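Protein chains in written order, with the working numbering: chain S, 1 to 291; chain X, 1 to 405.
Just so you know, these hints were derived from the structure itself, not from any lab.
Predicted, not measured: the structure shown is a model, and the values here were computed from it.
Keep in mind that a hint or two might mislead.
What the hints assert, rightly or not - What follows is a set of in silico ranges between Cβ atoms, one per label pair, in the way DEER data are often shown:
hint, chain 1, residue 1, chain 2, residue 2, range
1, S, S223, X, G72, 52 to 58 angstroms
2, X, K335, S, V96, 54 to 60 angstroms
3, X, D273, S, S2, 50 to 56 angstroms
4, S, R85, X, G268, 24 to 30 angstroms
5, S, L149, X, A395, 25 to 31 angstroms
6, S, V71, X, T352, 57 to 63 angstroms
7, X, V310, S, K88, 36 to 42 angstroms
Stated by the list, open to error - Stretch by stretch, here's where chain S covers chain X in the computed footprint (C-beta under 8 angstroms, at least three residues):
hint, region
8, 67-81
9, 87-97
10, 124-130
11, 206-219
12, 249-262
13, 347-356
To be verified - Straight-line alpha carbon distances no greater than 20 angstroms define the calculated SDA-like cross-link-like pairs of lysine to any residue that follow:
hint, chain 1, residue 1, chain 2, residue 2
14, X, K209, S, F62
15, X, K209, S, Y100
16, X, K343, X, S111
Ideal Cβ positions, reconstructed from N, Cα and C, are used throughout, including at glycine.
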Amino acid sequence: MSLVLQAAALGILTGGVYALMASGLTLIFGVMRIINVGHGALVILGAYLSFALFRSFHMDPFLSLVVTMPVMFALGVILQLVFIRPLKTDREALSVLVTYAIALGIEGVLGYVFTTNYVELRAWYETASFAIFGFHITYVYVFGFLLCLAILGALFLMLYRTAFGGAIRATMLNRTAAQLIGIDVDRVSALAFGVGVATAAAGGVVFGITNAFNPGSHYDLISRLLTIIVLGGLGSLRGAIIAALIMLVTEDITAVLVSPVWANFVFFVILVAVLIVRPQGLYGVRVRDRI
Amino acid sequence: MRRPVSMIVAGFALVLSACGGSSASTNPSPQAPITIGVSVSLSGDFSSDGKALEQGYDLWAADVNKKGGLLGHQVTMKYVDDASSQQQVVTNYTNLITQDKVALVFGPFSSLLTIPASTVTDRYGYAFPEPAGGGPKVFDRGLKTIFFVQPAAVEDNLVSYTKWLLGLPSGQRPKTAAYSTQDDPFTQPQVDKAKTLLEAGGITTASYKVYPAEATSWDALALQVVNSKADVVILGTQMPDAVAFIKVFQQQHFNPKSLIETTGPDQGKDFSDKVGGATEGVMVPAGWTPDAKAYGNSQFVSEFVAKYSVKPGDISADAAEAYSVGQVVDQAAKKANSIDNKKLIDALHSGTYQTIQGPMSFDSAGKPQGGVGVYIEQWQSGQAVFVYPTTVAGAKPEYPKPNWP
Numbered sequence: 001m002s003l004v005l006q007a008a009a010l011g012i013l014t015g016g017v018y019a020l021m022a023s024g025l026t027l028i029f030g031v032m033r034i035i036n037v038g039h040g041a042l043v044i045l046g047a048y049l050s051f052a053l054f055r056s057f058h059m060d061p062f063l064s065l066v067v068t069m070p071v072m073f074a075l076g077v078i079l080q081l082v083f084i085r086p087l088k089t090d091r092e093a094l095s096v097l098v099t100y101a102i103a104l105g106i107e108g109v110l111g112y113v114f115t116t117n118y119v120e121l122r123a124w125y126e127t128a129s130f131a132i133f134g135f136h137i138t139y140v141y142v143f144g145f146l147l148c149l150a151i152l153g154a155l156f157l158m159l160y161r162t163a164f165g166g167a168i169r170a171t172m173l174n175r176t177a178a179q180l181i182g183i184d185v186d187r188v189s190a191l192a193f194g195v196g197v198a199t200a201a202a203g204g205v206v207f208g209i210t211n212a213f214n215p216g217s218h219y220d221l222i223s224r225l226l227t228i229i230v231l232g233g234l235g236s237l238r239g240a241i242i243a244a245l246i247m248l249v250t251e252d253i254t255a256v257l258v259s260p261v262w263a264n265f266v267f268f269v270i271l272v273a274v275l276i277v278r279p280q281g282l283y284g285v286r287v288r289d290r291i
Numbered sequence: 001m002r003r004p005v006s007m008i009v010a011g012f013a014l015v016l017s018a019c020g021g022s023s024a025s026t027n028p029s030p031q032a033p034i035t036i037g038v039s040v041s042l043s044g045d046f047s048s049d050g051k052a053l054e055q056g057y058d059l060w061a062a063d064v065n066k067k068g069g070l071l072g073h074q075v076t077m078k079y080v081d082d083a084s085s086q087q088q089v090v091t092n093y094t095n096l097i098t099q100d101k102v103a104l105v106f107g108p109f110s111s112l113l114t115i116p117a118s119t120v121t122d123r124y125g126y127a128f129p130e131p132a133g134g135g136p137k138v139f140d141r142g143l144k145t146i147f148f149v150q151p152a153a154v155e156d157n158l159v160s161y162t163k164w165l166l167g168l169p170s171g172q173r174p175k176t177a178a179y180s181t182q183d184d185p186f187t188q189p190q191v192d193k194a195k196t197l198l199e200a201g202g203i204t205t206a207s208y209k210v211y212p213a214e215a216t217s218w219d220a221l222a223l224q225v226v227n228s229k230a231d232v233v234i235l236g237t238q239m240p241d242a243v244a245f246i247k248v249f250q251q252q253h254f255n256p257k258s259l260i261e262t263t264g265p266d267q268g269k270d271f272s273d274k275v276g277g278a279t280e281g282v283m284v285p286a287g288w289t290p291d292a293k294a295y296g297n298s299q300f301v302s303e304f305v306a307k308y309s310v311k312p313g314d315i316s317a318d319a320a321e322a323y324s325v326g327q328v329v330d331q332a333a334k335k336a337n338s339i340d341n342k343k344l345i346d347a348l349h350s351g352t353y354q355t356i357q358g359p360m361s362f363d364s365a366g367k368p369q370g371g372v373g374v375y376i377e378q379w380q381s382g383q384a385v386f387v388y389p390t391t392v393a394g395a396k397p398e399y400p401k402p403n404w405p
């Protein structure tokens with residue numbers, strides 16, 4: 001029994017990391033109705049930026065976010081301006097191709113600069129732990145979870161307590177209507193893309209401390225992140241958080257109780273069951289097809 | 001309409017393969033220079049291994065040319081990148097054989113690429129000595145042209161380790177073992193064989209889990225091993241999971257008496273950098289080290305160090321395996337007094353060949369036979385040293401493994 005509780009605790013802590021990584025993806029979908037399949041590559045890019053700062057300046061990975069998040073925000077804005085904004089027709093389908101190309105580009109550049117060998121971010125708290133009821137909880141997961149809470153909290157504050165957040169939500173609800181009431185949706189889209197990419201940097205740091213990664217690590221990551229936001233409801237931040245926790249807790253408990261081979265399968269059974277009952281996902285908004 | 005077209009295509013393929021088949025018997029005129037073709041992974045997942053293979057092959061070619069060539073033929077190596085792709089590796093060997101008409105081919109990196117590649121080389125009647133494809137699936141297709149140039153078939157990699165454990169005095173011998181392995185053709189056969197041998201030797205299995213090779217999170221699995229409180233832990237890992245398991249063991253203050261991982265700890269600095277100071281006592285099966293007193297090894301090491309400006313400890317075993325492929329082919333050519341592929345294949349199926357990994361011979365399926373087997377390496381004071389078998393050991397095994405720092 002204690003093993004199941006440990007697995008659940010681990011699932012919650014690592015679920016926070018996935019929630020953080022998925023939050024940017026769902027935000028970008030919500031605002032722009034595009035599926036950013038390059039999000040996994042951006043997470044890995046964020047991890048590599050922190051790795052470069054660690055290697056060159058011995059900068060603590062969490063502290064390096066002060067540098068990498070603004071850089072990634074700017075990169076996000078530029079990517080949106082150059083690659084996404086020109087898509088005028090058939091955005092949803094074309095964006096998949098364009099963002100996939102971005103992912104391949106990032107993978108190629110990272111492979112060239114850092115080689116394809118696995119690397120890992122190092123910090124004193126990666127193996128240090130404290131004991132609760134005989135179970136050792138690692139500091140890195142706790143710090144990572146706190147970072148997720150802080151950033152997700154800031155995202156909620158931004159969305160629900162600021163005028164910019166209001167503009168984002170208005171754009172999410174109805175792009176045309178938002179334009180009609182004077183919201184510059186192009187600007188909102190660019191900034192929201194930047195925010196989404198900046199959260200990828202934060203997710204990348206925690207991912208990079210807890211996992212060895214290489215430029216090709218984004219393929220596994222993006223498939224997991226996409227299933228998280230589908231379960232949570234495309235465009236829902238709350239949904240992404242709950243779905244990430246469900247995914248990681250289910251997988252970890254299945255892995256220890258039954259077998260790791262079934263871990264993904266059980267999660268997908270839950271996903272299919274939820275989608276049969278709620279096709280829009282846990283917190284998704286049902287939209288009527290435009291005629 | 002479709003059927004005639006596909007029949008024409010199939011007909012062409014047959015004609016082409018028939019034409020190609022004749023190239024295997026190409027026996028260049030005496031003393032003419034020859035080209036040896038290799039598909040190497042210079043990009044993709046195996047890019048660092050691919051580079052190491054290229055270095056090993058290049059060094060052998062330089063050595064053999066210095067000695068007057070392969071049976072008098074000066075050797076040029078031709079490399080083509082397969083991007084670690086199973087499709088590309090097939091295209092590459094087809095082109096090397098049919099377009100470039102290379103005299104010989106050497107193997108690529110990994111079982112994954114060797115399996116499809118060997119189907120092509122076998123079809124054209126080429127001998128396929130290869131340095132890195134040792135999974136059971138390489139040998140169970142009935143091909144007679146593959147020769148795996150490593151000390152033991154993959155499933156035997158942990159046999160030496162089990163012998164050492166079972167040979168410990170009864171008071172020290174472990175009572176329980178925990179196993180966790182990827183479902184990879186390289187890792188799982190080793191772990192499964194070790195489990196069978198240890199169970200037969202009276203060591204109880206405390207936990208056994210197989211996980212998908214594409215898994216990205218291993219913490220829950222590592223927790224299960226921790227909870228088993230096993231005396232000995234045997235893990236079928238590649239680098240990322242090898243590191244992840246050790247980290248969780250440290251976090252949970254779990255100190256087994258012995259820990260061995262199939263891959264990861266054999267990668268020198270690359271491994272120690274990732275796990276920080278937590279290397280002491282960790283074991284790994286290994287076929288080659290720079291210190292091994294095998295045929296030509298000290299010359300290989302000194303030449304490699306001079307040519308590529310690296311420390312002996314940083315030479316990849318992949319490079320040594322590639323070099324051994326050249327050594328085996330050199331001796332087989334002398335034995336057959338020919339570099340004709342058919343004669344080489346016949347020669348390689350008999351006799352023993354000396355390599356920098358030790359002596360080896362091959363059975364009818366190309367599996368290495370009767371060699372010394374795979375050694376055990378253990379991290380001691382910041383570097384990996386041979387600890388078993390005693391004939392090659394540079395140090396005594398540390399047992400039980402010291403606690404994590």
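Contradicted hints - numbers only: Per hint list: 3, 4, 5, 7, 8, 9, 10, 13, 14, 15 and 16 violated.
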